[in-house]
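Chemist: First to last, the sequence lines map onto chains E and F.
Using our numbering, the first residue of the first sequence is number 1, and each one after it goes up by one.
Using our numbering, the first residue of the second sequence is number 1, and each one after it goes up by one.
Hints were generated in silico from the structure; no laboratory data involved.
In silico lysine to aspartate or glutamate, EDC-like type, Cα no more than 20 Å apart, as pairs:
hint	chain 1	residue 1	chain 2	residue 2
1	E	LYS47	F	ASP300
2	E	LYS52	E	GLU16
3	F	LYS297	E	GLU35
4	F	LYS159	E	GLU22
5	F	LYS387	F	ASP348
6	F	LYS98	E	ASP8
7	F	LYS25	F	GLU95
8	E	LYS47	F	ASP192
9	E	LYS52	E	GLU35
10	F	LYS191	E	GLU46
11	F	LYS191	E	GLU35
12	F	LYS317	F	ASP85
13	F	LYS34	F	GLU95
14	F	LYS191	E	GLU22
15	F	LYS159	E	ASP8
16	F	LYS191	E	ASP49
A partial selection of chain E residues facing chain F, derived with a Cβ cut-off under 10 Å:
hint	residue
17	TYR11
18	HIS21
19	TYR24
All C-beta atoms in this analysis are idealised placements derived from N, C-alpha and C, irrespective of residue type, glycine included.
Here are the chains, one letter per residue:
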Amino acid sequence: MNTYQCPDCAYIYEEEKGAEHEGYPAGTTWPDIPEDFPCPECFVREKPDFIKVEN
Amino acid sequence: MNTKVESFGSMTQLDASEANNASRKRNSAWILSKRYWYWMSFLMPAIPLLSGYLAIESGQGVWLWFTVAFLYGLLPIMDVIFGTDESNPSDDLVETLKGQRYYVYIMYLATFMHWASLVGMAYIVSQYDWSWFSILGGAISAGIMNGVGLVTGHEMGHKVNDRAQANCSKLVLACSGYGHFSIEHNKGHHKDVATPEDPASSRMGESIYKFVQREIPGAFRRAWSLEAARLNRLGKSEWSMGNEIIQSMSITVAAYTLMLAYFGPVMVPFLFIAAAYGWWQLTCANYVEHYGLLRQKNEDGRYERCQPHHSWNSNHKASNLVLLHLQRHSDHHAHPTRPYQVLRDYTDVPSLPSGYPWMFALSMIPAAWYSVMDQKVVDWAGADMNKVNIDPENREAIFSRYHRPIVADDAA
Numbered sequence: 001m002n003t004y005q006c007p008d009c010a011y012i013y014e015e016e017k018g019a020e021h022e023g024y025p026a027g028t029t030w031p032d033i034p035e036d037f038p039c040p041e042c043f044v045r046e047k048p049d050f051i052k053v054e055n
Numbered sequence: 001m002n003t004k005v006e007s008f009g010s011m012t013q014l015d016a017s018e019a020n021n022a023s024r025k026r027n028s029a030w031i032l033s034k035r036y037w038y039w040m041s042f043l044m045p046a047i048p049l050l051s052g053y054l055a056i057e058s059g060q061g062v063w064l065w066f067t068v069a070f071l072y073g074l075l076p077i078m079d080v081i082f083g084t085d086e087s088n089p090s091d092d093l094v095e096t097l098k099g100q101r102y103y104v105y106i107m108y109l110a111t112f113m114h115w116a117s118l119v120g121m122a123y124i125v126s127q128y129d130w131s132w133f134s135i136l137g138g139a140i141s142a143g144i145m146n147g148v149g150l151v152t153g154h155e156m157g158h159k160v161n162d163r164a165q166a167n168c169s170k171l172v173l174a175c176s177g178y179g180h181f182s183i184e185h186n187k188g189h190h191k192d193v194a195t196p197e198d199p200a201s202s203r204m205g206e207s208i209y210k211f212v213q214r215e216i217p218g219a220f221r222r223a224w225s226l227e228a229a230r231l232n233r234l235g236k237s238e239w240s241m242g243n244e245i246i247q248s249m250s251i252t253v254a255a256y257t258l259m260l261a262y263f264g265p266v267m268v269p270f271l272f273i274a275a276a277y278g279w280w281q282l283t284c285a286n287y288v289e290h291y292g293l294l295r296q297k298n299e300d301g302r303y304e305r306c307q308p309h310h311s312w313n314s315n316h317k318a319s320n321l322v323l324l325h326l327q328r329h330s331d332h333h334a335h336p337t338r339p340y341q342v343l344r345d346y347t348d349v350p351s352l353p354s355g356y357p358w359m360f361a362l363s364m365i366p367a368a369w370y371s372v373m374d375q376k377v378v379d380w381a382g383a384d385m386n387k388v389n390i391d392p393e394n395r396e397a398i399f400s401r402y403h404r405p406i407v408a409d410d411a412a
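With the rest of the complex left out, here is chain E (with noise of 0.2 Å):
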């Protein structure tokens, strides 16, 4: 499973945990994420922008 940052506010997407309250169910890769995903947090970046997290 991988996960991806948001440069701005250091939110991390963790495709384990997915993005439950903005309607993406745990599991959801990253692949499956619209490229307009904002970032949950701070709404300022969008999909494009997040940086993979290498483990």
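With chain E held as given, fit chain F onto it using these hints.
Modeler: Here is chain F on its own, set in the frame of chain E:
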């Protein structure tokens, strides 16, 4: 002789570094002392109640207008007297302050006080014999506090992943029935700010009275469609209690119904005016915060990121302390989740000549607003009006009056 000079030189350095240390200490001491000044957030809602008490005791209904005088008179005067606040927390201090729950509890207390203030004023106007003029003053005063409540709701509404703060935000926004604010603001305004697409960013040449007709319906439509999209992703209907707009609105409907039942029909105009004036305060804030400023488009068709120069700032001490540093607006847009106690002032950002209270008053007189602000927008854009967010109806007039882009010598 040489030795003397050297020692004199190093003494000066020592003095300078001591002076630096002392100024850093003073800076930190001031920033730490603000923890008490922020009490204004929960003390201010007591002002309408205090004015109501004075009105009852003296039998002079005009006291019910006191909060209006406080906002548009006393606060601007205090801004002039106390001037600007040059202090910024150091990185160490930011780390210390940003997670302290103390600053959150202040807002919880403020939320309680906003409801107490609204219900208290409703009681005062309904249970005594006042002229319609005094009731109007009481309603507008309650509306001003509703507007201040939106500032608290705004701050907590940004902490979307702290459910307690997010819920408390819904509660305080419910005072004026602006429950759609957090969704509209976080997901809508912050994304589209300083673009023609944003109903909550004003355009040059657009009066506040024209702006409000675009802002209020546009903001509601945007909030509703964003919330509907979220609920649809969750497989729920937008007409369910999962809808956060409906959650907050339900509190408003319940509270307003109770007040109508207990305090009688005067609540109809009172609550309408108080809510509307709360909304109007937000309109004023949206109007002054990004007037004329425009983000450029990148080659890929996306707008450039919101930069510090895309917000108007005011660094006035008094109004910043009562508005949770909202006027340090560039930093807020750069870091929307940064808590109020650590917001920073930037140098070289667009600056308003006064704090919000006075700018709000100015915005209501369009001719005065244009005379103060239009030239500032022109200067900001280097007189290249293609870089300005302009009201389409006034585009030609504004271009012929102000468009004088500086052409580089080698290009000429």
